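Colleague: Numbering (numbering that gives the first Met the number 0), first residue to last: 0 to 523.
Just so you know, the hints here were simulated from the structure itself, not pulled from any lab data.
Bear in mind that the values here come from a model prediction, so they are computed numbers and not experimental data.
In this text, a Cβ means the ideal position worked out from N, Cα and C, and glycines have one as well.
Watch out, some of these pointers could steer you wrong.
Stated by the list, open to error - Label pairs and their calculated CB-CB ranges:
#, residue 1, residue 2, range
1, A198, E130, 12 to 22 Å
2, R147, L111, 18 to 28 Å
3, R347, A118, 27 to 37 Å
4, D373, L111, 47 to 57 Å
5, W313, H225, 20 to 30 Å
6, L111, G330, 41 to 51 Å
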Amino acid sequence: MRKAGILMPLFSLPSPYGIGTMGAQAYQFIDFLAQGGQSYWQLLPVGPTGYGDSPYQSFSSFAGNPYFIDLDLLAQDGLLEPEEYQNADWGGDAGSVSYELLYAHRFPVLRLACKRLRARESGALAAFCHEQAEWLDDYALFMALKDRQGGASWFTWPAPLRLREAKAMDGARKELSEDIAFWQSVQYLFFRQWSAMKAYTGQKGVAIIGDLPIYASGDSADVWSHPEEFQLDENGKPTEVSGCPPDGFSADGQLWGNPLFDWDHMRETGYRWWLRRIAFQFTLYDTLRIDHFRGFDSYYAIPYGDTTAQNGRWRPGPGLAFFEAVRKALGEKDIIAEDLGFLTPSVRQLVQDTGYPGMKVLELAFDSRDATDDYLPHRYTPRCVAYTGTHDNDTIQGWMHTAPPEDVAAAKAYLRLSEAEGYHWGMMRSAWASAADLAIIQFQDLLGLGSEARINTPATLGHNWRWRTRPGSYDGMLAQSVRREMEVYRRMPPPNGPKAPPLESASVPLDRPKGAALWNPATL
Numbered sequence: 000m001r002k003a004g005i006l007m008p009l010f011s012l013p014s015p016y017g018i019g020t021m022g023a024q025a026y027q028f029i030d031f032l033a034q035g036g037q038s039y040w041q042l043l044p045v046g047p048t049g050y051g052d053s054p055y056q057s058f059s060s061f062a063g064n065p066y067f068i069d070l071d072l073l074a075q076d077g078l079l080e081p082e083e084y085q086n087a088d089w090g091g092d093a094g095s096v097s098y099e100l101l102y103a104h105r106f107p108v109l110r111l112a113c114k115r116l117r118a119r120e121s122g123a124l125a126a127f128c129h130e131q132a133e134w135l136d137d138y139a140l141f142m143a144l145k146d147r148q149g150g151a152s153w154f155t156w157p158a159p160l161r162l163r164e165a166k167a168m169d170g171a172r173k174e175l176s177e178d179i180a181f182w183q184s185v186q187y188l189f190f191r192q193w194s195a196m197k198a199y200t201g202q203k204g205v206a207i208i209g210d211l212p213i214y215a216s217g218d219s220a221d222v223w224s225h226p227e228e229f230q231l232d233e234n235g236k237p238t239e240v241s242g243c244p245p246d247g248f249s250a251d252g253q254l255w256g257n258p259l260f261d262w263d264h265m266r267e268t269g270y271r272w273w274l275r276r277i278a279f280q281f282t283l284y285d286t287l288r289i290d291h292f293r294g295f296d297s298y299y300a301i302p303y304g305d306t307t308a309q310n311g312r313w314r315p316g317p318g319l320a321f322f323e324a325v326r327k328a329l330g331e332k333d334i335i336a337e338d339l340g341f342l343t344p345s346v347r348q349l350v351q352d353t354g355y356p357g358m359k360v361l362e363l364a365f366d367s368r369d370a371t372d373d374y375l376p377h378r379y380t381p382r383c384v385a386y387t388g389t390h391d392n393d394t395i396q397g398w399m400h401t402a403p404p405e406d407v408a409a410a411k412a413y414l415r416l417s418e419a420e421g422y423h424w425g426m427m428r429s430a431w432a433s434a435a436d437l438a439i440i441q442f443q444d445l446l447g448l449g450s451e452a453r454i455n456t457p458a459t460l461g462h463n464w465r466w467r468t469r470p471g472s473y474d475g476m477l478a479q480s481v482r483r484e485m486e487v488y489r490r491m492p493p494p495n496g497p498k499a500p501p502l503e504s505a506s507v508p509l510d511r512p513k514g515a516a517l518w519n520p521a522t523l
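Work the whole structure out from these sequences, hints included.
Modeller: Given below as structure tokens:
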């Protein structure tokens, strides 16, 4: 069945408190999706971010980002007083996230809420901690130690802590018990709000597409607590790290710097760590996009310490055996393969053998540096996901102004784009009209925004992951315009699905018991 969705990061939603959250604006956006005939909300990874603020470099593959906890909902639960957070400096630009201010002001407020939570809801909190202990204990200890070490990467910690010596671990758990309890409480609050928001999407007939980075961040609880799963030396340092080779986009390639998996060890354990990771994602999302899918066929390994990716080399990945293990352990799962970039015949064969739909990006079809007809709509098959652009691409209007003139001319000719219609509407229409079963549009393209609304420019630091939409940008008029396109291109949800409410009725459900434990998946 033909469907459509919108890519909108949580951090890009409006809110008075510096960053998008799981509060009222999230519920209003869900209503907008339903009103606009959308079947999916695609998110970027929602884990806690570290240096560079990238959601693809998280402190944990399991934890949620504390910044996404809505403060107004905490006040409704009696865990905060409005004056404790409303007067803080969250930044003066409603269109951009200030991570510096969030880091300075969010955690003191959350500590107040968590202190009250532990006093009032100790039973529900204890049950949550017990259910999620397999990852939560290590994560909370990791974050408490990181705070004690001034935020430094665990690679630089004293050897007893870096190598998790038993005596050092026991001492840290006793000494940092209060801080550990804080980080556990933060996760309880995150998943309580997530569960309520996720339930609301289900009520409105909207499914969530999550995004799973293939690699774990080096500075993460994952690598620190499970070094045996990664290519590390006896001192806990990586031997080689991740990235991409030089190409038409970057003469030096891309140096991501993540530790690489020890696939031989993982195979011997039946890929247990990965199975836990994927299973956990499906307690959060309906569909999962696996980033850098080609890394399962072969991965690019760069010597640790190199400053560019030029000296890397390709090494074999786990291949189809890995996905057969996933299917055997977890059953059939709704997975999208991010199969962009340099694709060898073996990568194409792996995507085909898994049966997962791949991605087609319209902007890439006209890039003269690396153009491929595979991204032109006349080559699409139904089993794929069409995008005009992803979070790593410019917006449509931005691309029209920054791409080489010959690329823009080719797009205009092939897609019959006109300024009168709006270049962004013409390109989105082409994605919706394509044979792809699913078409995903960046929200900023619905607004016709330029490069100022770009989410990420790969291989750069300092200005990414900050764009936020303005209050009122997803209104009834825009929803009706999108809905008409869905009707034209046969992408409407089934008529017997949940009815979309009027947008003005969008609000956070208030009929739940205060402090109720709303997230209780089966123990992984």
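Colleague: Run through the hints listed earlier and report the numbers of any the structure violates, in increasing order.
Modeller: The structure conflicts with hint 3 only, although it agrees with all the remaining ones.
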